[in-house]
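K.L.:
Start from the sequences and build out the full structure, keeping to the hints where you can.
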Amino acid sequence: MILFSNFGLKLSKMELKNTFGETIKALREERDLTLREVASVLKIDISMLGKIEKNSRKPTKKFIESISGYYGVSEKDLTVAFLSDSVAAYIVDDREFIGEIFKVAEEKVEYLSKRQTPEK
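For the sequence shown, the numbering used here begins at -6 and goes up steadily by one.
Since the hints were derived computationally from the structure, they do not count as laboratory data. Remember, predicted model here, so these are calculated numbers, not experimental data. Yeah, the Cβ is synthetic: ideal placement off N, Cα and C, and Gly gets one too. Accuracy of the hints is not assured; some may be wrong.
[Unchecked claim] Computed list of lysine to any residue pairs in SDA-like fashion (alpha-carbon distance at most 25 Å, straight line):
#, residue 1, residue 2
1, Lys10, Lys47
2, Lys18, Thr53
3, Lys51, Ser77
4, Lys18, Ser67
5, Lys54, Ser79
6, Lys47, Lys69
7, Lys54, Glu30
8, Lys54, Arg88
[Stated by the list, open to error] Label pairs and their calculated CB-CB ranges:
#, residue 1, residue 2, range
9, Lys44, Lys96, 31 to 39 Å
10, Lys69, Glu103, 15 to 23 Å
11, Tyr104, Gly43, 33 to 41 Å
12, Glu89, Asp25, 40 to 48 Å
13, Leu26, Asp86, 30 to 38 Å
14, Arg88, Glu30, 19 to 27 Å
P.N.:
Shown next as structure tokens:
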């Protein structure tokens, strides 16, 4: 049995519309795996995995890396799924400002990137 793969399969847009927890739960269920089996391989507590699947606990970067390798899906896609959950949770009540929020956020990312890059 191959536990980890490097296929890096892309998640479909439909899967990315789901929350991070729903996505990893669906990946587990598609493979007919139990929480106990996945938690054992990833060396995490079963209840922790269950809470992540229910979106009541946030995954660590290491967890996202491990679970993407285990399921053979793109780490980038799982990271995007998680981060987009966080962004959506903050702006769900301010939908009329979404365009402006993303524009300013993009500008801030550019600014912060330049600050973190040492000048040559």
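K.L.:
A separate judgement is required for each hint: does it hold in the structure or not?
P.N.:
Cross-check of the supplied hints:
Between Lys10 and Lys47, the direct Cα distance comes to roughly 15 Å. Compliance with the 25 Å bound is thereby established for this hinted pair. The suggested pairing of Lys18 with Thr53 holds, with an alpha-carbon distance near 16 Å, which does not exceed 25 Å. For the hint linking Lys51 to Ser77, the alpha-carbon distance of about 13 Å falls within 25 Å, and the restraint holds. A C-alpha spacing of about 16 Å is found between Lys18 and Ser67, which places the hinted pair at or below 25 Å, so the restraint holds.
With a CA separation close to 14 Å, the supplied pair Lys54 and Ser79 stays within the 25 Å bound. For a cut-off of 25 Å, the pair hint linking Lys47 to Lys69 stands: about 21 Å separates their Cα positions. The hinted pair formed by Lys54 and Glu30 meets the criterion: a straight-line CA distance of about 21 Å does not exceed 25 Å. Restraint check for Lys54 and Arg88: not satisfied, since their Cα atoms lie roughly 28 Å apart, outside the 25 Å limit.
For Lys44 paired with Lys96, a C-beta distance near 34 Å keeps the hint of 31 to 39 Å intact. Look at Lys69 against Glu103: about 20 Å separates their beta carbons, and that is inside 15 to 23 Å. Remark: the range hint 33 to 41 Å for Tyr104 to Gly43 is upheld by a beta-carbon distance near 39 Å. At roughly 44 Å, the beta-carbon separation of Glu89 and Asp25 lies within the given 40 to 48 Å, and the hint holds.
A hinted range of 30 to 38 Å holds for the C-beta pair Leu26 and Asp86, which are about 36 Å apart. Separated by about 40 Å at the C-beta atoms, Arg88 and Glu30 break the suggested range of 19 to 27 Å.
The structure fails to meet hints 8 and 14 from the earlier list, while all remaining hints are met.
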